[in-house]
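Asker: Chain by chain, the residues:
Protein chains: 2
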Amino acid sequence: MYKNDLYLRALKGEIVERPPVWMMRQAGRYLPEFIKIREKYDFFTRCRTPELASEITVQPIRRYGMDAAILFSDILVIPQAMNIEVEMKPGVGPWLPNPIRNQKDLDRVIVPDVTVELDYVMNAIKASKELLNNEIPLIGFAGSPWTILCYCVQGQGSKNFDKAKEFCFTQPILAHTLLQKITTTTIAYLKEKVKAGVDAVQIFDSWGGMLSPADYQEFSWQYINQIIEALKDEVPVIAFGKGCWFALEEMANSKAAALGVDWTIKPQIARKLAGNKITLQGNMDPSRLLSPPSQIKKIVTEMIRSFGKDKYIVNLGHGILPNIPLENAKAFIDAVKEFEA
Amino acid sequence: MYKNDLYLRALKGEIVERPPVWMMRQAGRYLPEFIKIREKYDFFTRCRTPELASEITVQPIRRYGMDAAILFSDILVIPQAMNIEVEMKPGVGPWLPNPIRNQKDLDRVIVPDVTVELDYVMNAIKASKELLNNEIPLIGFAGSPWTILCYCVQGQGSKNFDKAKEFCFTQPILAHTLLQKITTTTIAYLKEKVKAGVDAVQIFDSWGGMLSPADYQEFSWQYINQIIEALKDEVPVIAFGKGCWFALEEMANSKAAALGVDWTIKPQIARKLAGNKITLQGNMDPSRLLSPPSQIKKIVTEMIRSFGKDKYIVNLGHGILPNIPLENAKAFIDAVKEFEA
Chain C
1 MYKNDLYLRA LKGEIVERPP VWMMRQAGRY LPEFIKIREK YDFFTRCRTP ELASEITVQP
61 IRRYGMDAAI LFSDILVIPQ AMNIEVEMKP GVGPWLPNPI RNQKDLDRVI VPDVTVELDY
121 VMNAIKASKE LLNNEIPLIG FAGSPWTILC YCVQGQGSKN FDKAKEFCFT QPILAHTLLQ
181 KITTTTIAYL KEKVKAGVDA VQIFDSWGGM LSPADYQEFS WQYINQIIEA LKDEVPVIAF
241 GKGCWFALEE MANSKAAALG VDWTIKPQIA RKLAGNKITL QGNMDPSRLL SPPSQIKKIV
301 TEMIRSFGKD KYIVNLGHGI LPNIPLENAK AFIDAVKEFE A
Chain V
1 MYKNDLYLRA LKGEIVERPP VWMMRQAGRY LPEFIKIREK YDFFTRCRTP ELASEITVQP
61 IRRYGMDAAI LFSDILVIPQ AMNIEVEMKP GVGPWLPNPI RNQKDLDRVI VPDVTVELDY
121 VMNAIKASKE LLNNEIPLIG FAGSPWTILC YCVQGQGSKN FDKAKEFCFT QPILAHTLLQ
181 KITTTTIAYL KEKVKAGVDA VQIFDSWGGM LSPADYQEFS WQYINQIIEA LKDEVPVIAF
241 GKGCWFALEE MANSKAAALG VDWTIKPQIA RKLAGNKITL QGNMDPSRLL SPPSQIKKIV
301 TEMIRSFGKD KYIVNLGHGI LPNIPLENAK AFIDAVKEFE A
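Taken in order, these protein sequences are the chains called C and V. Reminder that position 6 of the first sequence reads as 6 in this note's numbering, one-by-one numbering, no gaps. Reminder that position 134 of the second sequence reads as 134 in this note's numbering, one-by-one numbering, no gaps.
Okay, chain C solo, but in the shape it has when bound (with noise of 0.2 Å):
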């Protein structure tokens, strides 16, 4: 199907050459191409431009060659198809200017047609495919409900989302039926996004370690399991939480068909609480891009042999950051590239 599917037989657990890598965030800010049609562009035109976010998709894989692409788009376009403003205001990031805070703010939060509200998304997915040719893979994603949340109701980026929490550990009812309508929103989008062509969708919890085991199960585990049952039987699912550790041990035996994970975790541990069946998938440090690329290339590959090579699925902790210098994302890509067992 594809000249290159490593990440997919990764994801199945088939023993390979070599792990596959991907980077979270790889088409993006850190690249003088981006920049580029940053500087003409908005953000949300971006995102709905299918020849801009297809473009911006494939930039990273025509200088890297990465084993799959992901993707350009937002986690916020599912609160904006809800009828929940999103803007993104430079240098501050997301700003809701109307957020989510009692009854009368949740009663005009709506379940949209994705196939109408996110058709854009759709046909930047199959521009994307065009591009792709065949090379390899391509990762459709959403944020998870609890994540998605976050942003609603604290209305912009923060250090302890403490609005969020308030409204959860107050208004417990009005937190449910928002987690609720996030997830049925975006089970129907995923789902559109695979009948438009995504080989896999990977959800992103990246707010889920700010809650207690037990708030997490409550407030974000839940839900994020009903978009792995409702998605898993259409493509594999991968479940990212940064933070999560506490739960890897749960989130191992869901159906999800690999899992993500962040640099506080070593790699040892990680397999230990999830298992030696699931395909896990990290864990640089992003900041660790930072250091020269010699020792880029030690880490990586000290860090493939700590996970093993079969059902592993390199990549960062998180989102690469903005102000990486090239030749060391190339050192990343390379070093997996080049490992030898």
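Don't take each hint at face value.
A pair holds if it fits inside one copy or across any two, identical chains being indistinguishable in the list.
[As the list claims (entries may be wrong)] Dumping the calculated DSSO-like pairs for lysine-lysine here, alpha-carbon to alpha-carbon at most 27 Å:
1) 163 with 89
2) 298 with 104
3) 126 with 195
4) 163 with 266
Think of the hints as simulated: they come from the structure by calculation, not from any bench. Here the structure is a predicted model, which means the values were calculated and not measured.
Starting from the known structure of chain C, arrange chain V on it as the hints suggest.
Answerer: Just chain V, lined up with the frame of chain C:
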């Protein structure tokens, strides 16, 4: 020695009728009597005036009767004494206008005579001891060298302290020089605090959990351990590392009297990783103090049962938030006092 020595007995691992309780950041911004003082005096005036610092230190004790007091002060008095300018910007927090980024910046950092530069802290301790009148012990504290470096290099609070990590990963020799200067100053500072009368010292490693396990060893733990080794024969040392679950086993093998843990680890897992010999402190999510008082009491009781009443100090998993209702803080403390094994 003290009318209530539960806290010191728990640190020694003795059998107690109930665990002691205090709250990180208990002296401060959620208390109306503190807010009154804040309206009249700026941050560093409050820290530098023994009458104010000691009054703030005992305010929560008067209201709730915790089993230990912690001196009102700030971890950033250390870089200030080391010739690094530190301001508190309202609405922003710590602000260091001349951050440390290169050799030239580092050259102006001194290891000060703490008996001169930080004598105001020692006077605040003496004044607090007088107000406490041998009722309960007084805790002194310092930031971990890594956490102090984070502010010195970043220049302010941050979601990921990217500039601090960049400094460490691209200029490791400078980073280690700065870390050692901070460590040497901190040891002298804490020894003076002990002379002035504190009964225990806690090291706050608020940002250790942003490092990978290998980087945590290199840039944080080895310096914390130097401090523990230097102080261990004088007072009990408590090491609190937010997000540092991955290092608990090694921390438990140090000479620390107790380890603080945050809310992302289950009590049973913390005990398993730390072994059963060392006292643990923690770990309710500070945001959970927004739940209704009856639910807070249930969570606290369950937490004590999970940690076990001995070798345990009830606390939050990080500092109390400013927006916590007074009756909720009371429910937290009362639940511990009402605990029956």
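Asker: Which hints, by number, does the structure contradict?
Answerer: Of the numbered hints given earlier, the structure breaks just one, which is hint 2.
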